[in-house]
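Can you make the complete structure from the sequences, with help from the hints?
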Amino acid sequence: MPGLVVFGRRWAIGSDDFVLPGAFELFLRLLWWVGILLLYTVHKGRFSCPGGALLHSYLLVLLALLAAIICTLSALVYVSMQGTISNPGPRKSLPKLLYTRLLLYLPEFIWAVVGAVWVSDSSVHCESTVINVVIGTVIASWVIIIFTIIGVLIVFDPLGGKKTFYLTDGLDRNLESSQSGQLLYNVKNTATRVWEKRIRLMCCCIVQDDDHRVAFTSIAELFRAYFSDTDLVPSDIAAGLILLHQEQDKMENCPKDPEEVLCHSPSSPVADDLDIEVENAAHYMLFAAAAYGWPYYIYTNPFTALCKLNGDCCRSRPEDSDITGSDRRNFHFGSILRITGLQYRDFIHISFHNKIYEIPFFVALDHKKEAIVVAVRGTLSFEDILTDLSADCEDLTLEDVLENGFVHKGITQAANYIYQKLINDGILNQAFTIAPEYKLVIVGHSLGGGTASVLAIMLKNSFPTLKCYAFSPPGGLLSKTLADYSKRFIVSVILGKDLVARLSMPNMEDLKRRIVRIVANCNRPKYQILLRGCWYEVFGGDPDNFPTELDGRNDDALTQPLLAEESLMVHRSPSYNALDGESHLNSPPQYPHLYLPGKIIHIVEESSSRRLCSSDIKYSANWSNERVFSSILISPKMITDHMPDVVLNALNSLSQEHRSCISC
1 MPGLVVFGRR
11 WAIGSDDFVL
21 PGAFELFLRL
31 LWWVGILLLY
41 TVHKGRFSCP
51 GGALLHSYLL
61 VLLALLAAII
71 CTLSALVYVS
81 MQGTISNPGP
91 RKSLPKLLYT
101 RLLLYLPEFI
111 WAVVGAVWVS
121 DSSVHCESTV
131 INVVIGTVIA
141 SWVIIIFTII
151 GVLIVFDPLG
161 GKKTFYLTDG
171 LDRNLESSQS
181 GQLLYNVKNT
191 ATRVWEKRIR
201 LMCCCIVQDD
211 DHRVAFTSIA
221 ELFRAYFSDT
231 DLVPSDIAAG
241 LILLHQEQDK
251 MENCPKDPEE
261 VLCHSPSSPV
271 ADDLDIEVEN
281 AAHYMLFAAA
291 AYGWPYYIYT
301 NPFTALCKLN
311 GDCCRSRPED
321 SDITGSDRRN
331 FHFGSILRIT
341 GLQYRDFIHI
351 SFHNKIYEIP
361 FFVALDHKKE
371 AIVVAVRGTL
381 SFEDILTDLS
391 ADCEDLTLED
401 VLENGFVHKG
411 ITQAANYIYQ
421 KLINDGILNQ
431 AFTIAPEYKL
441 VIVGHSLGGG
451 TASVLAIMLK
461 NSFPTLKCYA
471 FSPPGGLLSK
481 TLADYSKRFI
491 VSVILGKDLV
501 ARLSMPNMED
511 LKRRIVRIVA
521 NCNRPKYQIL
531 LRGCWYEVFG
541 GDPDNFPTEL
551 DGRNDDALTQ
561 PLLAEESLMV
571 HRSPSYNALD
581 GESHLNSPPQ
591 YPHLYLPGKI
601 IHIVEESSSR
611 RLCSSDIKYS
621 ANWSNERVFS
631 SILISPKMIT
641 DHMPDVVLNA
651 LNSLSQEHRS
661 CISC
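Take the sequence shown: its position 75, counting from 1, is numbered 75 in the UniProt record's numbering, and each next residue is one higher.
Restraint-style ranges between C-beta atoms, simulated for each label pair:
#, residue 1, residue 2, range
1, P295, Y105, 39 to 47 Å
2, C534, A68, 28 to 36 Å
3, E394, S630, 21 to 29 Å
4, V155, L31, 21 to 29 Å
5, V119, Y299, 45 to 53 Å
6, L31, T217, 48 to 56 Å
7, F227, K368, 43 to 51 Å
8, T217, V155, 20 to 28 Å
Derived by calculation from the structure, the hints in this document are not laboratory data. Glycine included, C-beta positions come from ideal geometry on N, C-alpha and C.
Here it is in structure tokens:
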């Protein structure tokens, strides 16, 4: 629902968000009140000890204060349970109850101080049980007060005092006037500065230069533009994701469009080609995973990795090894050697240097496949995250492509950095001098997969036999022209419902639109959605059939946003305007559509059998197309399906299954 407005500003919390925390505090307060009442009843008439008179008054006032708090909390929880996310009308009295509850913190604070003074008074000689109870009461009061202050800081919205001005599009608020236009400009500038401060705070541990400052501003603009056109609080988004997940699960058994998934019979040439590519992908995924160095090796071998690496750190490196960047105790290089199974002499160049737009990579000789492998590391640092989030588009100029396309800015700059190293520093020339008959293969996972794809496009003219394997690359990478061009030499491997492979600004806008629609039109209170959703995510079962206002509407009506949806939109984004059937002011979309690179192998989990200490999962692989990844899927596996070890295990499982079929 729209954020709660109290004290003249908007807060990042809704009026229906007090049910669960309020009920928890109410339960504690009831136990507290009953305990104090029992204590007072048992010791009634026995307050003749030194300090007993003050204790008697303290307990009476505390009982009255707790009773007032319990009554206020009961009313607060009851009112917060009323209505739905998009219908806050039944909760209009909640701000007054909230003011009352906050006022009760003042006498509670005073009484906590009084209790602390009484306990610390050396002249008090009452029963130890009574003193311990008062100490517990004082501690509980201070804990609740501190947690309340922390909660207020968490839900504080730095833009809360200005968001009431930033409500609709220019036409709705007559922004032709210079005064209104200046006001909107100031609000946008303030929002950008707030996001920039948040990003700087998150990246406070890294050295910041001009590149970082430019990236901070660019990313802040991106976040400001994405979040400024809705009036949703975090719990609304959580409820929307829960509803979307259950809606997707209900639709998974529906028959799919034949164009969505391209399946082939086992005897077809395309299927044979798929088996070969899966076999190659399983081999080269080892190199992409090895690029992560010791974090990946320790993650996949938690009990033995440190012992093995400590043994490697004492070995001396070959003097002719070309290694740049920091690798303390030889942990990174030792991990790469163990994961790939290569020897020292097989490595041409290794770079652990890491800055924004400059990511680690290594070049090695793969004698098994007779290939020179360039492996690019994925996201593993704050600098890598900034590279990922620099999602603006820029042109990529290619001589043999009729129409030059758009590419992801941050990833393209990272690819250009590696390109300069490979060509200008003569790394590839050195490699081909050693093994002139080998072919060039570029691999990477996640950010490394996207960088490897753009790097392959840059190098294709110079190395016609080049091949690239991109594992779980980001979805918003290449324009349609470049994506089609890359199908000649790039293979992307996507596992299941991987989130990153579906990440692009149009997809994020679509997800926001779907969240707004399903949240605005659900007829259940938010607390029921969250509780049932948590039960479903943890224990499974059948998805809930939440009734919505969309039920019974015809297809034409579904293309029009409902009033509830419009109430959650501050000003409608280009993606949301598409719901109206015509773009507002006929303006072009803000975010161009970018696609996954190359031909796409989509691996899905067919079945799984879990035992006490292990799990047996069966996978299937098919050629797919970019349309399958045009929408973000909500699932508990949307993150785990992206992890390099999970992708490697899936590829190894498919490869072993293929080899066993051949042997049979």
